[in-house]
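With chain A held as given, fit chain B onto it using these hints.
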Amino acid sequence: MQQADPIAEYVAVLSRELRFDPSLSRRVCAEVEDHLREAAADGAGADAESEAVARFGSPYAIARQFAAPSLTRQTKGVGYGMVLVVLCSYLAMAGRLAWYSALDWRIGNDAPLTALRTVTILIDRYAFALAAIVGLCSLAYAWRARSAELNATSRSRLRRFFLLCALATLGLLVTVAADIVLTALRLAGSAPSLASLLPLALLAVEIALTAIFIAHLRLVMRRTASAFAPFPE
Amino acid sequence: MLKGHLDMIVLAALEGGPAHGYAVIEVIRKRSGGAFDLPEGTVYPVLHRLEEMQLLSSLWATSENGRRRRVYALTARGKKALAGQRALWRRFSDAVGALLGGPRHATG
Chain A
99 MQQADPIAEY
109 VAVLSRELRF
119 DPSLSRRVCA
129 EVEDHLREAA
139 ADGAGADAES
149 EAVARFGSPY
159 AIARQFAAPS
169 LTRQTKGVGY
179 GMVLVVLCSY
189 LAMAGRLAWY
199 SALDWRIGND
209 APLTALRTVT
219 ILIDRYAFAL
229 AAIVGLCSLA
239 YAWRARSAEL
249 NATSRSRLRR
259 FFLLCALATL
269 GLLVTVAADI
279 VLTALRLAGS
289 APSLASLLPL
299 ALLAVEIALT
309 AIFIAHLRLV
319 MRRTASAFAP
329 FPE
Chain B
6 MLKGHLDMIV
16 LAALEGGPAH
26 GYAVIEVIRK
36 RSGGAFDLPE
46 GTVYPVLHRL
56 EEMQLLSSLW
66 ATSENGRRRR
76 VYALTARGKK
86 ALAGQRALWR
96 RFSDAVGALL
106 GGPRHATG
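So the sequences go chain by chain: A and B.
All residue numbers for the first sequence refer to our numbering, where the first residue is 99 and numbers rise by one.
All residue numbers for the second sequence refer to our numbering, where the first residue is 6 and numbers rise by one.
Next comes chain A alone, as it looks inside the complex (with noise of 0.2 Å):
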């Protein structure tokens, strides 16, 4: 049966082979467009449509040309996500240090709360160096692992890399939970008072810019397996 619209149908199906880059897949369909109306207007017959689109080639393989440059793309900023909200954190955990020192805002020798916040500095530290390691490193390995085409040795390398920020995301994680807690073991101990805005509204900066990387983090991951999916037969 003959399609209605061969150029609208071919598009839609590259659109969708594109979908691990929504923008590029938006410039690449208008211009694919541009190109088989214009082909079709220039051929003869009632099939020009149908053989500008023949010409054209597959939409799995042209998507596929575009998706090692797109993904690698992606995976750097990734990298650079995860610095930048490693550098964040530790801003936002020196702002509070300095505001309490500024204030001279001591804490209670109550000795469980004590052994308490001294666990949580330990754990604290160990886990944003993990964070600050990692994430160095995952950034580094974006540069070195870039891939001129998907295969087996891109899909590896992609996966590593998605390894490495897993890696450095738990240490950001349990350096979240551990400020959470050592901002209320400060501010348990104090009235409230206006003093305690600064390290709170510090926290919820740290809080949201990593629950903004895991959640690109995740966006990327998906596009990616979605760019190694199978041609269909």
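Read the hints as simulated data drawn from the structure, not as lab findings.
One or more hints might be untrue.
To be verified - Partial list, derived from the structure: chain A residues whose beta carbon lies under 8 Å from chain B: (1) V126; (2) A128; (3) E129; (4) V130; (5) D132; (6) H133; (7) R135; (8) E136; (9) A137; (10) R153; (11) F154; (12) G155; (13) I160; (14) Q163; (15) F164; (16) P167.
Here a beta-carbon is modelled for each residue, glycine too, at the ideal position from N, C-alpha and C.
This is chain B only, laid out in the frame that chain A set:
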């Protein structure tokens, strides 16, 4: 073999002035005497890659029939890269020609 030289071919096709993807394909087909009859879609990943390498620039324009189209042009860096690749290709072509005993490329 053609695949390995697509970047140079696309740069050369844009040497005559800015063009959109369809026009690039037409130039390649005509200037190669129909020898390079590529699947037309293969040119777009190349155009995008060359743009990312800053060898090409591009912008949206409106055609006579009102359709929006992306027009590509060589940048100064692209012209330099093309000149380099052309010189390299001529040396390669001369060397292979000499080796195979065929006619030497005129470098005039």
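- Mind checking the CB of A/H133 against every CB in chain B and telling me if the closest is under 8 Å? Holds. Min distance 5 Å.
- Proposed interface contact between A/F164 and chain B, which counts if any beta carbon pair is under 8 Å: holds, 5 Å
- Query: Once the shortest beta carbon distance from A/R135 to chain B is found, is it less than 8 Å?
  - Reply: holds, 7 Å
- Query: Going by Cβ atoms only, is A/G155 closer than 8 Å to chain B?
  - Reply: The hint holds - A/G155 has a Cβ within 8 Å of chain B, the shortest such distance being about 3 Å.
- Was the hint right that A/D132 lines chain B, CB cutoff 8 Å? holds, 5 Å
- Message: Hint validation: A/Q163 versus chain B, beta carbon distance must be below 8 Å. Holds or violated?
- Response: holds, 4 Å
- Task: Mind checking the CB of A/A137 against every CB in chain B and telling me if the closest is under 8 Å?
- Result: holds, 6 Å
- Message: Restraint: A/P167 near chain B, CB-CB cut 8 Å. Satisfied or not?
- Response: Since chain B brings a Cβ to about 6 Å from A/P167, closer than 8 Å, the hint holds.
- Holds or violated: is the Cβ of A/V126 closer than 8 Å to a Cβ in chain B? holds, 6 Å
- Does the interface hint hold: is A/R153 within less than 8 Å of chain B, judged Cβ to Cβ? holds, 5 Å
- Query: Taking the closest Cβ pair, is A/V130 under 8 Å from chain B?
  - Reply: holds, 7 Å
- Tell me if A/I160 is really an interface residue toward chain B, meaning its C-beta lies closer than 8 Å to one of theirs. holds, 4 Å
Violated hints are absent here; each numbered hint is respected by the structure.
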